[in-house]
Every structure is written in C-alpha cells, then in structure tokens.
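Novice: Sequence:
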Amino acid sequence: MPRGSRCASNRPRGGLFLRFAMENADFTSQIVATINGPGEASGWLRPFARALRQRDSRIRLAVALMPCAFSSGAERRVLESYPEVAAVSPTRDTLRFALFGGRPPEALNAPLPGAVLHFGGEPFVSWLLARRLGLPCMAYAERPFAIQSWFKKVLTTVPEALPKRRQNGKFKSIGDMMVDAARQRCPNRDSSGHPPVIGLFPGSRPYQVKYMLPFYARVASIVSSRLGEMRWMVAKSDFLDWSFLQHPPAVEPHAPLKTDALRWSETDGQAALVSDAGIRLEICPQEAVLARARAVLTVPGSCTAQIAALGVPMALCFPTYWGEIHPLPGPLQHLGRLPLAGRYLKRAVAHAYLRRLGALALPNKKSGRMIVPELVGPIDAERAARVLMDILESDTAAIERQLLAVMGEPGAAERLVDETLALFNGARPAAARSSSDGR
Numbered sequence: 010m011p012r013g014s015r016c017a018s019n020r021p022r023g024g025l026f027l028r029f030a031m032e033n034a035d036f037t038s039q040i041v042a043t044i045n046g047p048g049e050a051s052g053w054l055r056p057f058a059r060a061l062r063q064r065d066s067r068i069r070l071a072v073a074l075m076p077c078a079f080s081s082g083a084e085r086r087v088l089e090s091y092p093e094v095a096a097v098s099p100t101r102d103t104l105r106f107a108l109f110g111g112r113p114p115e116a117l118n119a120p121l122p123g124a125v126l127h128f129g130g131e132p133f134v135s136w137l138l139a140r141r142l143g144l145p146c147m148a149y150a151e152r153p154f155a156i157q158s159w160f161k162k163v164l165t166t167v168p169e170a171l172p173k174r175r176q177n178g179k180f181k182s183i184g185d186m187m188v189d190a191a192r193q194r195c196p197n198r199d200s201s202g203h204p205p206v207i208g209l210f211p212g213s214r215p216y217q218v219k220y221m222l223p224f225y226a227r228v229a230s231i232v233s234s235r236l237g238e239m240r241w242m243v244a245k246s247d248f249l250d251w252s253f254l255q256h257p258p259a260v261e262p263h264a265p266l267k268t269d270a271l272r273w274s275e276t277d278g279q280a281a282l283v284s285d286a287g288i289r290l291e292i293c294p295q296e297a298v299l300a301r302a303r304a305v306l307t308v309p310g311s312c313t314a315q316i317a318a319l320g321v322p323m324a325l326c327f328p329t330y331w332g333e334i335h336p337l338p339g340p341l342q343h344l345g346r347l348p349l350a351g352r353y354l355k356r357a358v359a360h361a362y363l364r365r366l367g368a369l370a371l372p373n374k375k376s377g378r379m380i381v382p383e384l385v386g387p388i389d390a391e392r393a394a395r396v397l398m399d400i401l402e403s404d405t406a407a408i409e410r411q412l413l414a415v416m417g418e419p420g421a422a423e424r425l426v427d428e429t430l431a432l433f434n435g436a437r438p439a440a441a442r443s444s445s446d447g448r
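Numbers in the working numbering are just positions in the sequence shown, counted from 1, shifted up by 9.
Since the hints were made in silico from the structure, they are not lab data. Do not rely on the hints blindly, as some may be mistaken.
Said to hold, decoys possible - Result set (BS3-like, lysine-lysine): computed pairs, CA atoms no more than 30 Å apart in a straight line:
{"hint": "1", "residue 1": "K267", "residue 2": "K219"}
{"hint": "2", "residue 1": "K374", "residue 2": "K179"}
{"hint": "3", "residue 1": "K161", "residue 2": "K374"}
{"hint": "4", "residue 1": "K179", "residue 2": "K161"}
{"hint": "5", "residue 1": "K181", "residue 2": "K161"}
{"hint": "6", "residue 1": "K374", "residue 2": "K219"}
Generate coordinates for the entire structure from the input sequences, incorporating the hints supplied.
Specialist: Here's what the structure looks like:
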C-alpha cells in the first residue's frame, strides 16, 4: 500500500494519538503545507521539503491538499511518492475539517508544535485550517492577497509583491523557489549535441496534452523539413499518467487547430509518439529534456519559470480555440454547466479572463518585458514553427543570459526554512483544537 494511503480508522481519537506517538517517536515538530496544484507541488514544495529534511529530519512534513480548478487530479499520488512527505490529506478531508471542524484527517492528526505553511489554494481556508489545528499560519506567495495581514508571516517571491507598509518584519521577499527546483532537477546542462534537441512541454493536465502534443507534432514536421534533422523530446510531467500517452486521442479532422495524428511506439526501451509524417517525439523525464534542449516550446504555467531558471530559450504556445474546456477560478468554472448557453458563456468569460492576465510566461511577468515570445489566440503550427526557427537562428546565448538574470539565484528554499523555523520555534506547542473551537 502506498505511503500515506492508509484507510481511515474508526478507533477513538486517543488511539490515533497513541499510534502516531509510536510510529513517529522521532518527530519533534511539524509543518503542514497547503498545496493545490502541480506547480506548487513540484516547484515550491519539493525544494522546500528537501531543504527542510537536510536541515532537521525530526520535523514532520504533512501536506493538506486544497480544492483547485487547475489541479491535475494526480497531486496525491505524486506527493505520496516524495520521501520527505510523511502524509497527505485528501482535498475533501482537508476542506471538511477546515470548514466544519471535528476530528482532524489522519494525515494532520499529530500533537506536535509547528506551523501551517500556505503554498496554494484559498488563503482563507489555509488560515482556517491553522486555527483548527492550533498552529500559527504563514504564507509563501508570488502576489499580494486580501487577508495577508491575518498571517503571522508572508514571504514573497519578488520585492514587488511586498505591501508598502510592512509590519514588524512580517513581510519579506526571499526569492523564487522555482529556481531551486530547476537547479535541483537539472544541475548540469549541455545543449551542444547534434542533432539539436527541441524540448516540448505539453502540460500536466490531460485536457491540455490532448491538443498540444498533436499540435507540436505538426510544428516539428514543418521545422524539420526546413532546418534538417532535429531531435524532439516531450517533457513528461510526473502528474500525467503513462496510460494517457499510450493511447493518444484521435485528431479531429474538422477542428480549427490543425494537428498531426500520433501513435504510440517503443523501441529499445525508449517510448515515443510517432506522427504519420515520421516525426518521432521521444517521451522523457523533464530533467532529461531540460539538460539537453537547445530551445523549448511550452504551455503557460510554472514550467516557464523552471525553464527560464536554467536559461533555456523558449516560445510559449497557447491556442484558444476551445475556451470552454479551460478551467476558471472559483464559481466561474461552473458556467459551462448552465443549460443551452453555458458553453458559449464560459467561452466568452474565458477569453475575457485571459485578456486580463497580461503576460503568461513567468519570466515576462517578472521582467515586464517580452523576453519569451508568446503565441496566444487563434494560432497555427506555421506561425509557431517560424517563431521557433527564429529562436534557433538567433543569439541563444544572449537569451540565456537575460532569462538567468530575470529569475535570479537559488537559495529561496533555504531562506524559507529559516523563516519557518524562526516562526514556530517561538510559538507555544498546541494540539489540534476540537470542533467547538473553530473561531
């Protein structure tokens, strides 16, 4: 049975405390991290968890999953595979306990001092969870949020996210842990091999990958026909099941986005998707792609930060033909369920929401400049191919220097560990509160 997937017990709460004491006698304190999607899990939690384990292995790290329209559905499976994570509370259990109290989920039922660390989800739910557990609450965020004054500490990725009035050191910028995550995954890079490697990042959610891989295949066919031999490598997300790739969906012949059909192939242990034109897209771990790629095509998301942190030139591709299939935050996600006009209403709202976002690639957001070309809207493979060829024929060393300068140096994970330990080492131990103390 996978670690952290034990069945809920019907024994009295005291029995749970006794079992926890016997199984976890070496733990002296705990951190409960709230997570709601692949980006926070792989880009923030993973480097933090490693830095924490290296600093003090007696600190228990539990993860409370939070509801999110943008989640992949595989967060629990992936988090339970991290050796630094002691237990994972499913989304439903986390939300039930935070909102209604009662007995804490088994993953969070630990009578230890510590803190709740908000990485993702609704900040109010993280704050309420901390109240239920009787622990101080802190946050790591890339932008300000409405109730940040309620938190004991708020650490940000960039100084621009800090409030103008800072209260007694409560707010501090410590850098972006995406840089730490990228350097941990890919400590060495060499993109000088021949033929040139082009990385393809289709995302971690099936609804994205379904359209992006056939689109990338058509781009690859165009570029290969004009620039000669290329090696195309798909960066498989840990959050995407192999079974999805082994049975690629059929291409829709009358779809507005023109793509190439793909079929599964495996030769000498190397998995790949092969197009009818003979283009071979190798399926590889993300770190293997990042270590060799001369350039990358990617979707929006945290992957753009990790690609930039390694200085890899990239172009962002975001076709918007199917606005109704894309998730939206909060109640907007459910517009598509309305009868008759729901699909079209959600499509219109999705396009309006996209226009408000501005730059999509994280290095562009950080710098306020278009370092990374962004192809957004009713794009086609020919346009994406031209942009990719422009990158390959340009001064990629200059692009690399710009990306590295924008993303900054690693070390944010160590600084977050420092701030977290400083907070709860000064806090009084507190056991989880009962349902009667949910104020």
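Novice: Starting from K374, check that the Cα of K219 is at most 30 Å away, please.
Specialist: Within the cut-off at roughly 27 Å; holds.
Novice: Need the status of pair K374, K179: alpha-carbon distance at most 30 Å?
Specialist: The hint holds at about 25 Å.
Novice: Below or equal to 30 Å on CA atoms is what counts here, so check K161 against K374.
Specialist: Satisfied, since the Cα-Cα distance of roughly 27 Å is no more than 30 Å.
Novice: K179 and K161 were given as a pair; does the straight-line alpha-carbon distance stay at or below 30 Å?
Specialist: Roughly 7 Å separates the two Cα atoms, so the pair holds.
Novice: Are K181 and K161 close enough, with their CA atoms no more than 30 Å apart?
Specialist: Cα-Cα ~12 Å, so holds.
Novice: Given the hint that K267 pairs with K219, test it: the Cα-Cα distance must not exceed 30 Å.
Specialist: Holds, at roughly 13 Å.
Checked against the numbered hints given earlier, the structure satisfies every one of them.
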